[in-house]
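Visitor: One line per chain: the protein sequences are A and B, in this order. The number in our numbering is simply the position in the first sequence, starting from 1, with 148 added. The number in our numbering is simply the position in the second sequence, starting from 1, with 148 added.
Bear in mind the hints are in silico, worked out from the structure with no lab data behind them. Mixed in with the good hints there might be a few duds.
Heads up, the list lumps identical chains together, so a pair's fine if it works in one copy or across two of them.
Computed cross-link-like contacts, BS3-like style, restricted to lysine-lysine with a CA-CA straight-line distance of at most 27 Å [stated by the list, open to error]:
1. Lys371 / Lys393
2. Lys370 / Lys280
3. Lys341 / Lys193
4. Lys250 / Lys393
5. Lys175 / Lys325
6. Lys197 / Lys422
7. Lys193 / Lys175
8. Lys193 / Lys422
9. Lys239 / Lys250
10. Lys318 / Lys197
11. Lys391 / Lys231
12. Lys250 / Lys391
13. Lys175 / Lys393
Protein chains: 2
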Amino acid sequence: MKLTILGCYSATPRTLNNPTAQVLEIKNHLFLIDCGEGTQVQLRKSKLKFSRIKHIFISHLHGDHFFGLPGLVSTFRLLGREKELHIYGPKGIKEAITLLLKLGDSWTNYPLYFHELEGREPQIVYEDEKVKVSTIPLDHRIYTNGFLFQEKEGARTLNVEAAKVWEVDKSQFNNIKAGKHVVLEDGTIVDNKELTFDPPKPKSYAFCSDTMYKEDIVPIIKKADLLYHESTFLESEQELAVKTKHSTAKEAAEIAKQAQVGKLILGHYSTRYKSLEVFKEEAQTVFTAVDLAEDGKSFVV
Amino acid sequence: MKLTILGCYSATPRTLNNPTAQVLEIKNHLFLIDCGEGTQVQLRKSKLKFSRIKHIFISHLHGDHFFGLPGLVSTFRLLGREKELHIYGPKGIKEAITLLLKLGDSWTNYPLYFHELEGREPQIVYEDEKVKVSTIPLDHRIYTNGFLFQEKEGARTLNVEAAKVWEVDKSQFNNIKAGKHVVLEDGTIVDNKELTFDPPKPKSYAFCSDTMYKEDIVPIIKKADLLYHESTFLESEQELAVKTKHSTAKEAAEIAKQAQVGKLILGHYSTRYKSLEVFKEEAQTVFTAVDLAEDGKSFVV
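Isolated chain A (complex conformation) (with noise of 0.2 Å):
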C-alpha cells in the first residue's frame, strides 16, 4: 500500500505549494483522495499512470479539495478514455460537474457515474473481494466525510515444505488452498493451518480531512497503519481552529493515539506558518510516531 501526497496545504495555492490530493495505491487500485486546483499537473509530475485512476473520493465540497475535479474530468476526455469513472462525494458534486460540462458543450465520451452521498452514519462506498472503502463523518463547516480504505484478509497460502513433511499427496493441494483439512491414509487429520501461511495482515488507511477534533471517529479508525488527519493550526491557534472548524497538530495527535494507529501523518497546514517542523514537535508531545505530508512525497505500508 503506497500513500502519494499531490497536496497538502489549505486553501490559497501558492507558487509551490498545492491544495489537497492523494493517491492511493492499494490492491492494484489508484484511489484518488481529493482533487484540488492543479491536481492533473501534480499528477504528471508523480509520474503515476493517472488514467489508471477509476475511483475518486471527494471529502467535502470548499474549492481546496475539489476545483480540480472539473479539468480531470475534461483532461480524461481529451485523452480519449473509455473506461468508466466513479466519483464518490457530497449531493451536489453531479450538479456541479454536470453544468460546467454542458456549459461547455463538452459531455464526457466514457461512462461518468457520481455516487452521491448524504448519510450522517459511517457506509460502504465501495467494495470489491479485496478493499472496501468507507466513509468516516466528520465534523466541519459544510457536509464532510473522511474515508477509510481497508484491504481484506487474503486466503492462506500453500506451505509447500508442511506438505512434504506431512506426506500430503499433491492431489490434495487445491483441496488446501481452498482450507480444507487433509485426511491422511493412517487417518490422521492434519489441520488446514499446519499446512498453510497465515495471509498478509490486511492494510487500512484513514484519511481525515478536513474536520474539528472529533472522539467518535476513534473506533471507525481504530488500528488503522496510516492515518493522515488534518492539522491545519497549532494549539496556539485554538481559537482559530475551533472557529473554522478545523484541528490543531496536538488534536490530531490525540486521535490518532486513542486509535493506537500505526502512524499519523499530519497535512492541510494554514500557509501562516513558515515552517512545518513545528506541527510535528506538537504533535510528538502526544503521540510518537509522527510525520509530515509534504507535496510529492509517499508512505508506503
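Since the structure of chain A is provided, determine the placement of chain B on it from the hints.
Guide: Leaving out everything else, chain B in the frame of chain A:
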C-alpha cells in the same frame, strides 16, 4: 500598455505549460483575460499585484479558459478582498460560479458582478474615461467572444516653449489645456494646436481565442497595435482545425495582414507540436511582424 501571458497552451495542462490566461495593464487597469486552471498560481509567479484586478473577461466556457475562475474568486475572499469584482463572460457563467460558491457555503464577502454576454454583434462591455473594451464575436464550437481593448485619445498637453515664443501670459494656460484658442493683446488668434502637443496615439489590443478563421473580425480589429490570435494548428493539420473550429498559424497571419495590425502574437498551441518556432515560420510566410506567446512572457507597446 503591457500584456503578460500567464498561459497559452490549449486544453490538457502539462507539467510546465498552462492553459489560457493573460493580464493586460492598460491605463492603470489590470485586466485579466481568460482564466484556465492554475491561473492564480501563474499570477503569483508573475509578481503582479493581482488584488488590483477588478475586471475579468472570459472568452468562452471551455475548461481551459475558465476552470481557474472559481478558485480565483474564492482566493480573493480568503485574502479579505473588499473591492468589487466584475466578470464578463458568456451566459451561464453566473450560474456556474454561484453554484460552486453555494455548494462550498462560501459566498464572497466582496461585491461580485456578472455581466453575461449572448450578443452576436460587437458590443461595448466596459468603458470609462480612458479605456473601452468591446467584444469581438468569434466562431468556435461554443459561443465565444474575443475582446478589443482600446485606449481613448488623451487630452492635448501644454507646450510651454511654444507659449513662451507666442508670449502668451500664464493666466491663459488653463484655457489652453481646456482646448481653447488664445487671443493675444494685438488681437492675433493663436490656434490651440500651436500651443499644445498632440496626445500620445491611443493603443489597442485585440484578443482572439478560440476561433476558426473568420474574416468578419478584420474591420473590428483594424490597425490594432497588438493582436493575439490563436493558432492551435499548422496548415498540415488544416482538416483538424476546421473540424475543431480552430485556426492555423497561416490563417492567423492572414487576419493580421488584412487588419494591418502592428504585431501578431500566436498562441493556444496544440501540445502535439514539439517546437513553437514552426508556428512562427509558417505565419511569417504571410505576415512578418510575428511573435510567439510563451507562459510568463510580456509584450510592451
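Visitor: Against each hint, give a clear statement of whether it holds in the structure.
Guide: Each hint tested on the structure:
Taking identical chains as interchangeable, the C-alpha atoms of Lys371 and Lys393 lie at most 27 Å apart only when both belong to the same chain, with a minimum of 25 Å there against 56 Å between chains. For a Cα distance limit of 27 Å, the shortest separation of Lys370 from Lys280 inside one copy, 15 Å, qualifies, whereas the shortest one across copies, 63 Å, does not. Taking CA atoms no more than 27 Å apart as the test, Lys341 paired with Lys193 passes in neither setting, with 46 Å inside one copy and 62 Å between copies. Proximity of Lys250 and Lys393 under a CA criterion of 27 Å is satisfied inter-copy only: 18 Å between copies versus 34 Å inside one chain copy.
In the homo-oligomer, the alpha carbons of Lys175 and Lys325 lie at most 27 Å apart inside one protomer (20 Å), although the nearest pairing across protomers, at 79 Å, exceeds that limit. Proximity of Lys197 to Lys422 under the C-alpha cut-off of 27 Å is restricted to the inter-copy arrangement: shortest distance 22 Å between copies versus 33 Å within a copy. When the C-alpha separation of Lys193 and Lys175 is checked against a cutoff of 27 Å, the pair qualifies only within one copy, where the shortest distance is 23 Å, while the shortest distance between copies is 39 Å. In this assembly of identical chains, Lys193 and Lys422 lie within 27 Å of each other by CA distance both inside one copy and across copies; the values are 24 Å within and 19 Å between.
Taking the shortest Cα distances, Lys239 and Lys250 sit within 27 Å of each other both inside one copy (18 Å) and across copies (12 Å). For the homomeric pair Lys318 and Lys197, neither the shortest alpha-carbon distance inside one copy (41 Å) nor that between copies (76 Å) is at most 27 Å. Taking CA atoms no more than 27 Å apart as the test, Lys391 paired with Lys231 passes between copies only; the shortest distance there is 25 Å, against 43 Å inside one copy. In this assembly of identical chains, Lys250 and Lys391 lie within 27 Å of each other by CA distance solely across copies; the values are 20 Å between and 37 Å within a copy.
Taking CA atoms no more than 27 Å apart as the test, Lys175 paired with Lys393 passes in neither setting, with 34 Å inside one copy and 43 Å between copies.
Hints 3, 10 and 13, counting from the list given before, are not met by this structure.
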